[in-house]
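Visitor: Chains A and B supply the protein sequences, listed in that same order.
Counting in my numbering, the first sequence runs from 1 upward without gaps.
Counting in my numbering, the second sequence runs from 1001 upward without gaps.
Keep in mind the hints are simulated off the structure, nothing from the lab.
In this text, all values refer to a predicted model and were calculated from it rather than measured experimentally.
Some clues are possibly wrong.
Unchecked claim - To be clear about the criterion: a stretch of chain A counts as covered by chain B if any three or more of its residues have a C-beta under 8 angstroms from a C-beta of chain B, and this derived list gives those stretches:
1) 16–29
2) 103–113
3) 149–159
C-beta atoms are modelled at their ideal positions from N, C-alpha and C, and glycine is treated no differently.
Number of protein chains: 2
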Amino acid sequence: MAATFFLNGEFLPEEQAKLNITDLGLLRAYGIFDFFRCIDGKPIFQEDHLDRFNRSAELMGLNIPASREQLREIIAELIRLNPHALLGLKLVLTGGYSPDGFAPAEQSNFFVIAKPFEFKDPEKGLHFMSVEHQRQLAEVKSLDYLLPIYLLRKQREMGADDVLYYENGLITESSRSNVFVVKGDTLITPAEGMLRGITRKHILNFAQRELKVEEREVTLEETLQADELFTTGSTKRIVPVTKIDNRPIGSGQPGPITRQLYERFLTYEKETN
Amino acid sequence: MAATFFLNGEFLPEEQAKLNITDLGLLRAYGIFDFFRCIDGKPIFQEDHLDRFNRSAELMGLNIPASREQLREIIAELIRLNPHALLGLKLVLTGGYSPDGFAPAEQSNFFVIAKPFEFKDPEKGLHFMSVEHQRQLAEVKSLDYLLPIYLLRKQREMGADDVLYYENGLITESSRSNVFVVKGDTLITPAEGMLRGITRKHILNFAQRELKVEEREVTLEETLQADELFTTGSTKRIVPVTKIDNRPIGSGQPGPITRQLYERFLTYEKETN
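Model the full structure from these sequences, guided by the hints.
Guide: As structure tokens, this is what we get:
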């Protein structure tokens, strides 16, 4: 079945959803997005994602051409038009058709892509490649994925699944997800320099019931010495990371605390959505 | 007169030149470009720009879907279809319609935008705002202008015209141009960490006739202490920079060596194109 997207006020079949090539998101990478999943027609943590989309837009000086209520209606309609058990929605806002090709236009271009997706296997341990890099404007969910896509070739050579960014010896995040270290009964995650993930936020909320939780600076060294390591995001929930740069983390296998948090998260997600 | 662009094999009126919103240049900022000017129908330093476009594509693992000879023909046709005394051509190559929304597609999207443009006034001294930043993949002319566009609001508040990037006390470049320091009879420009500008290259070629020329590390401190400072690029040729962060450079006025190089460059450009 052909997908239906939303673009600047219209619901359109995927193949008709087009922007002029002078859009500032395309020509100058000036734009933001957010992404969330819908399960059996129900958007998951929708309000969190809309809050963050709003915040990204604000930081970038872009205006979302729809009220919160209109956004909810667009999302509901896209879910109706794209009936998949697992649907991913990507909201994108760009600098529009800039008069001088550089400064954002008065009017942004706004679209929503709707595609079925699959979760990453929560039992398959991932292999991360460490990369010295600080993502620009880390708090903004921007369109900039230049470096991790550039590094795909190197990553594949190493047999790695994703990157782990660090700078000055401190880790921040992966290319599209947050990172948590488990050491003893403590759960540790970076406090700065990364995107504030929605999954991350909810894990911090409920993990406190059973673990000590620390949001602070996390060194690459202690990450390599972790008992368990996992990564979180809207397409992943919680997925173990079992190797960095070909070195095993902990036992080199998905660990019990990661597995337990994953089970807890499934319950939490159902209860709160 | 409506502009005519080139897009994936076709010459199209501007308003029909559209890409699907799933293009990887738009969704993930994965793409490159090059830009050059045509004066009275004659492309300026065309082969240099095509060499660099080729190099950027190679570094990013993208394939240009046209031979060098085909590119020359497309350019010639666009010049014919867009008869302006001063025409800017922008060649853009993106990661195409990625099957997984992240890894570049087999086939890139390729387009060329043709627009009339105006030179910056070579007598108006510019005001730069210094910004600690290292552009990612500095040798690639990528689509990533996230930071300088984000900083436009701050720049306007300060009354500045553009940014000057530095890192660890060393300057690299401005947002869309290279930078040269004049100190006594020596012309100095950064050797690393910046895009290898075509104008920069030609100035280094011919300036050696009359000045000592140094390509090396350049500190922000010695930039602030310069006798003269100027910036170079395809939309600028050579334009003086007379202030950084509201502090005057040298006399705070366009200097004699900058003016002389500009005159020499006009002659050089005519002779070599």
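Visitor: Are there at least three residues in the segment 149–159 of chain A whose beta carbon sits under 8 angstroms from a beta carbon of chain B?
Guide: With 4 residues close enough to chain B, the hint holds.
Visitor: Does the segment 16–29 of chain A contain three or more residues whose Cβ lies closer than 8 angstroms to a Cβ of chain B?
Guide: Coverage by chain B holds here, the residue count being 13 at a Cβ distance below 8 angstroms.
Visitor: Do at least three Cβ atoms from the segment 103–113 of chain A come closer than 8 angstroms to Cβ atoms of chain B?
Guide: holds (count 4)
Taken one by one, the earlier hints all hold for this structure without exception.
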